[in-house]
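Colleague: Quick mapping for you: the protein sequence lines, in order, are chains A and B.
Take the first sequence: its position 96, counting from 1, is numbered 82 in the working numbering, and each next residue is one higher.
Take the second sequence: its position 51, counting from 1, is numbered 56 in the working numbering, and each next residue is one higher.
Please note that a few of the clues may not be correct.
Unchecked claim - Non-contacting residues of chain B with respect to chain A, defined by C-beta distances greater than 10 Å in every case (computed):
no.	residue
1	S14
2	C17
3	N59
4	T61
5	A65
6	I68
7	T70
8	V90
9	E103
10	K104
11	G110
Unchecked claim - Taking lysine-lysine and the DSS-like style, the derived pairs with C-alpha atoms no more than 25 Å apart in a straight line are:
no.	chain 1	residue 1	chain 2	residue 2
12	B	K104	B	K8
13	A	K57	A	K43
14	A	K57	A	K0
15	B	K8	A	K57
16	B	K57	B	K8
17	B	K74	B	K8
18	B	K57	B	K104
19	B	K57	A	K43
20	A	K43	B	K8
Said to hold, decoys possible - Just a sample of chain B residues kept apart from chain A, beta carbon distances all over 10 Å, derived:
no.	residue
21	A18
22	N24
23	L105
Hints were generated in silico from the structure; no laboratory data involved.
Every value quoted in this text rests on a predicted model; they were computed, and no experiment measured them.
Idealized CB from N, CA, C, for every residue including glycine.
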Amino acid sequence: DTGVSQNPRHKITKRGQNVTFRCDPISEHNRLYWYRQTLGQGPEFLTYFQNEAQLEKSRLLSDRFSAERPKGSFSTLEIQRTEQGDSAMYLCASSLGSGVFTDTQYFGPGTRLTVL
Amino acid sequence: DAKTTQPTSMDCAEGRAANLPCNHSTISGNEYVYWYRQIHSQGPQYIIHGLKNNETNEMASLIITEDRKSSTLILPHATLRDTAVYYCIVRGPNFGNEKLTFGTGTRLTIIP
Chain A
-13 DTGVSQNPRH KITKRGQNVT FRCDPISEHN RLYWYRQTLG QGPEFLTYFQ NEAQLEKSRL
47 LSDRFSAERP KGSFSTLEIQ RTEQGDSAMY LCASSLGSGV FTDTQYFGPG TRLTVL
Chain B
6 DAKTTQPTSM DCAEGRAANL PCNHSTISGN EYVYWYRQIH SQGPQYIIHG LKNNETNEMA
66 SLIITEDRKS STLILPHATL RDTAVYYCIV RGPNFGNEKL TFGTGTRLTI IP
């Protein structure tokens, strides 16, 4: 257990529905990251926050996806109008964000989304 | 970030040392080598990282060649719980290189 928690752990939804996932990072970690992992592939970066500011977004993050970190603590990832191609493991990671040269990311257990 | 090449799969006998290679021939002078592993259906777990010196922690040792074009992760006494996919990642220094770029990794199977 790294101290990064994600909820729910599993989500099954029907195509077209909206879903929201939550990530609670390690306490005092300033940076929070979202990744997506499909079957047989390594995780792919989606976006990251420095405190409450969203500083980078991957082109994988279509306009149906939105992420927030309103108070610089927990974060939510929402997917609107889900499609079957959104079925994946959604991973959250956090890091101190204060390392001079390196900054290790610690991952949560992930939320597995299945879109029927 | 430099790309990495890893074998698709490896087997290792329980109790023996598992040596996982990684090639990163285009690595830049200020890029670090990170290793993570992912046990089935769990999030990736940080193992170790290094720049140019060999590193050791309670989980593993990281040996980086002098030219830094390749590295080896060593699990000294493999157990069945070490069965996982191991990812070698090259990443630039902190600012502007925040994301990790994962490949498909090496699937390590520890055999009883």
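Colleague: Which hint numbers does the structure go against, in order from smallest to largest?
Modeller: 8, 9, 10, 11, 14, 15, 19 and 23
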